[in-house]
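A.B. asks: Keeping the supplied structure of chain A fixed, place chain B upon it in accordance with the hints.
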Amino acid sequence: MSTLLRLATAGSVDDGKSTLVGRLLHDSKSVMSDQLEKIASPGDLALLTDGLRAEREQGITIDVAYRYFATPRRRFVLADTPGHVQYTRNMVTGASTAELVVLVVDARRGVTEQTRRHAAVAALLRVPSLVLAVNKMDLVGWSEEVFASIADDLDHPGEVTAIPISALSGDNVVTPSAHMDWYTGPTVLEFLETAEAGEDLTGLPARLPVQYVIKTRGRRAYAGQLTGGILHVGERVVVQPGGHTTTVAGIDVLGEPVATAWAPQSIAVRLADDLDVSRGALISPAATAPETTRELRATVCHLHEKALTVGEKVLVKHTTRTVHAVVEEIGTGGPLGVNDIGDVVVRTASDLAVDDYAESRITGACLLIDPGDGATRSAGMISVA
Amino acid sequence: MTTTTHLEALEAEAAHIMRETAGEFDRPVLLFSGGKDSIVMLHVAVKAFAPAPVPFPLLHVDTGHNFPEVIEFRDRVTAGLRLEVASVQDYIDRGALPDVPERNGLQTTPLLDAIEAGGYDAVFGGGRRDEEKARAKERVFSLRDEFGGWDPRRQRPELWNLYNGRHCPGEHVRVFPLSNWTELDVWQYIAAEDIALPSIYYAHEREVFDRRGMWLCPGAWGGRSERLVRRTVRYRTVGDMSCTGAVESTARTPGEVVEEIAASRITERGATRADDRLAEAAMEDRKREGYF
Numbered sequence: 001m002s003t004l005l006r007l008a009t010a011g012s013v014d015d016g017k018s019t020l021v022g023r024l025l026h027d028s029k030s031v032m033s034d035q036l037e038k039i040a041s042p043g044d045l046a047l048l049t050d051g052l053r054a055e056r057e058q059g060i061t062i063d064v065a066y067r068y069f070a071t072p073r074r075r076f077v078l079a080d081t082p083g084h085v086q087y088t089r090n091m092v093t094g095a096s097t098a099e100l101v102v103l104v105v106d107a108r109r110g111v112t113e114q115t116r117r118h119a120a121v122a123a124l125l126r127v128p129s130l131v132l133a134v135n136k137m138d139l140v141g142w143s144e145e146v147f148a149s150i151a152d153d154l155d156h157p158g159e160v161t162a163i164p165i166s167a168l169s170g171d172n173v174v175t176p177s178a179h180m181d182w183y184t185g186p187t188v189l190e191f192l193e194t195a196e197a198g199e200d201l202t203g204l205p206a207r208l209p210v211q212y213v214i215k216t217r218g219r220r221a222y223a224g225q226l227t228g229g230i231l232h233v234g235e236r237v238v239v240q241p242g243g244h245t246t247t248v249a250g251i252d253v254l255g256e257p258v259a260t261a262w263a264p265q266s267i268a269v270r271l272a273d274d275l276d277v278s279r280g281a282l283i284s285p286a287a288t289a290p291e292t293t294r295e296l297r298a299t300v301c302h303l304h305e306k307a308l309t310v311g312e313k314v315l316v317k318h319t320t321r322t323v324h325a326v327v328e329e330i331g332t333g334g335p336l337g338v339n340d341i342g343d344v345v346v347r348t349a350s351d352l353a354v355d356d357y358a359e360s361r362i363t364g365a366c367l368l369i370d371p372g373d374g375a376t377r378s379a380g381m382i383s384v385a
Numbered sequence: 001m002t003t004t005t006h007l008e009a010l011e012a013e014a015a016h017i018m019r020e021t022a023g024e025f026d027r028p029v030l031l032f033s034g035g036k037d038s039i040v041m042l043h044v045a046v047k048a049f050a051p052a053p054v055p056f057p058l059l060h061v062d063t064g065h066n067f068p069e070v071i072e073f074r075d076r077v078t079a080g081l082r083l084e085v086a087s088v089q090d091y092i093d094r095g096a097l098p099d100v101p102e103r104n105g106l107q108t109t110p111l112l113d114a115i116e117a118g119g120y121d122a123v124f125g126g127g128r129r130d131e132e133k134a135r136a137k138e139r140v141f142s143l144r145d146e147f148g149g150w151d152p153r154r155q156r157p158e159l160w161n162l163y164n165g166r167h168c169p170g171e172h173v174r175v176f177p178l179s180n181w182t183e184l185d186v187w188q189y190i191a192a193e194d195i196a197l198p199s200i201y202y203a204h205e206r207e208v209f210d211r212r213g214m215w216l217c218p219g220a221w222g223g224r225s226e227r228l229v230r231r232t233v234r235y236r237t238v239g240d241m242s243c244t245g246a247v248e249s250t251a252r253t254p255g256e257v258v259e260e261i262a263a264s265r266i267t268e269r270g271a272t273r274a275d276d277r278l279a280e281a282a283m284e285d286r287k288r289e290g291y292f
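In order, the protein sequence lines correspond to chains A and B.
If you're matching positions, the first sequence starts at 1 in this note's numbering and goes up one per residue.
If you're matching positions, the second sequence starts at 1 in this note's numbering and goes up one per residue.
Looking at chain B on its own, in the form it has when it is part of the complex:
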């Protein structure tokens, strides 16, 4: 049998992209949030360079309002790896960023500063083209100007598997190895490879409150004065607590999550991300500014 399943084809492609990046760039870095996409990306990286260690460090932009379960998981799986943390809270504490309740948009400045300070010329992101309409037009190798900005009209045509990583001094390239994966592929892969995730991806009981149709969880960010109810929920995406909603779910294993997603009629961002509900072009505008 010399056939290849769709998951094997996607994994081989992601490994190819990561090896191209390691071969072409001087200083790659992998954005690691502790979310499922970055965990899958790290899993593929470990396999792509085995038995040698992953030849690049990890970078986490921490909003300071992350789920404690995710930070605990991050520290556990990245033990022994080089992890750099860019802290939004540090910027707020020294007055460089405003202390607003919704911190997702605040990540861009610490991210770009960390890229510049580290001298990183290639930045792996876990973004997938199925997530959102602006991302559907994103290249695998996406050139960013010296301000980190994305200009959809200046994108290079990307043909075959020939990824052009040439860039001028000061520019960098965002690399998306999971471009062609969907949410369902990611979960099928997690199930097939038995990849550990933060517990909040699976159904659990939690005190939540309703805000514009999403179940939010109170925490250091706020929400403690809201009227709380107890629900069995899980998270489809993991981001800043202030804008990441839970969905009601009883899926407790990767296999059950695969079944749930296959039957779902709402996208993961539509279900769980307040930041994308702001405007039709919210993601495009944030990408232009240098967002992930």
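Chain A with its partners taken away, still in its complex shape:
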């Protein structure tokens, strides 16, 4: 039975990130011969991933691109994030759904300021696992000492696995290197295949943000995707905002009745009592429900050219609920420009039932949206005091 792993790649310009991604796709046989016709030499592997006309003309990667490859054990969704242009915006986007980040560094340059910034973004977004791919080992004589000093140099709060590679020649990407017998760890692909598939969502408290009400012959079922936990028929639940408690009367997983459902299944639940439940409500077990608040504290990455200022009116999108709000405080005093990261306090017009981002990367996340043109302005990671 094959599982899905979502990962993101990051690295500075010229570290060979696109070549690594091209190599992974190529050596895992995910690149087809009609795409390969455009590749004259291993150095052209980056051409597999630069999709837009402007990217090929300028030789740069502009936007996050998604790549797909599979082995018999696992299916991979890879967010390939550009290293220089709008790096925070792109890296935050790619990392937001990633269970693992592959950070590429050039063995000749080691861990740079930008490497540390990428690692910090991965930590901020709470990506559970980090691979430090030390690339271009061929250009440092396949030196164990160089590799070890780079591996020691990255300070990161989470789990880090360092792997010495040469993306250009393919060493330790998919096949083990013949040049570094001192390295006995996994290749990049072996590691991706066997890494814990991120956090186990089913270990979290159950949360069902209501997306849509399915009405049939007077019966109402509340449709949504479980963002965490396990939900049982007969369980006591609370509907927020409002705080009414009731019992789960029935659960369907995409039309099939079940006794138990778990994250990340898309389900529909029926409740024992006739409550006023609509899109934007949150259904949780009564015993482990989150607190509601109108004072939202979050660390935000600002993603838009128009700066975020104190006193500004915004929309907060949290799970399936969108509410009016005003920016009350910015930690630095603001404003926050594009690619800035800062702490904010936002006062909302109605209650939000939120988790800390450290608890849940879904019910702890939000967007700040421009009420005028609908643009996505900031991405927020919520703190619950």
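All the pointers check out, no bait thrown in.
Think about it this way: if two alpha-carbon atoms lie no more than 25 angstroms apart in a straight line, the pair counts; the simulated SDA-like pairs of lysine to any residue are:
no.	chain 1	residue 1	chain 2	residue 2
1	A	Lys215	B	Val54
2	A	Lys215	B	Arg27
3	A	Lys306	A	Val345
4	B	Lys47	A	His232
5	B	Lys47	A	Leu254
6	A	Lys313	B	Phe25
7	B	Lys47	A	Val277
8	A	Lys306	A	Tyr87
9	A	Lys313	A	Val384
10	A	Lys215	B	Pro53
11	B	Lys47	A	Arg219
12	A	Lys306	A	Asp373
13	A	Lys215	B	Pro57
14	B	Lys47	A	Val233
15	A	Lys313	B	Arg154
16	A	Lys306	B	Cys168
Which bits of chain A does chain B cover? Going by a derived footprint, with three or more residues having C-beta under 8 angstroms, they are:
no.	stretch
17	91-97
18	209-218
19	358-367
FYI, nobody ran anything at the bench for these hints, they're computed from the structure.
The beta carbon of each residue, even a glycine, is placed where N, CA and C say it ideally should be.
C.D. replies: Positioned in the frame of chain A, the structure of chain B alone reads:
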């Protein structure tokens, strides 16, 4: 066991995207071509809103040069559903579009007209990011301007599973629930869910002729004066007959197709789509103009 396979995860994600769209927009519509991706999309939609009916209509842009097997299949599976057909042939007949042999590019005008006439604010498409390089950069919720155009530099960052569907009057959002699926996932899902497809997706004998390395089938669109040969073929994609080629194949069941694709070394578009062979950026250029 509370584990989730990759197909279950992709299906749950697609259902989530469809329910978000139904919850956030006033008038969604689902583009239904009778091709496998739109059939899978419809299958997920039926499950996502069960036991209620799918809460949006279907729209087919018919080039007039579709495979008869596909039109027959379309009419059969959409019986009882609301299906609107935008006809390229009607535009040609009244002189609004040129009568060129290759009709794929002609679909954009009838599509945009139908979106405007229907007042549709969200349009589901079966596009997948693995299909093509420009599509690899496409968002799940893709904002289109009032001319239906796509500007890759104006795309919104898309984080977590928070899809921002806000748009101005006149704009609409293209929604791609199968963004993260690959051709192999689609076929594994068809096999697992036992989903019916038009017969031409499976190996059959057919009179074909060779054009630039692709097996094309003659029909109302032309090709009848070509030198025909009989081959056992199937179609990996289903589009306009004039530019959709068959591949030689003996795969007669979904399981056999899964095996064939897993071993294939050519992408489905590279193997079968003349329209994408025109230029490196052919798809990007068509998307900018408002194509699917």
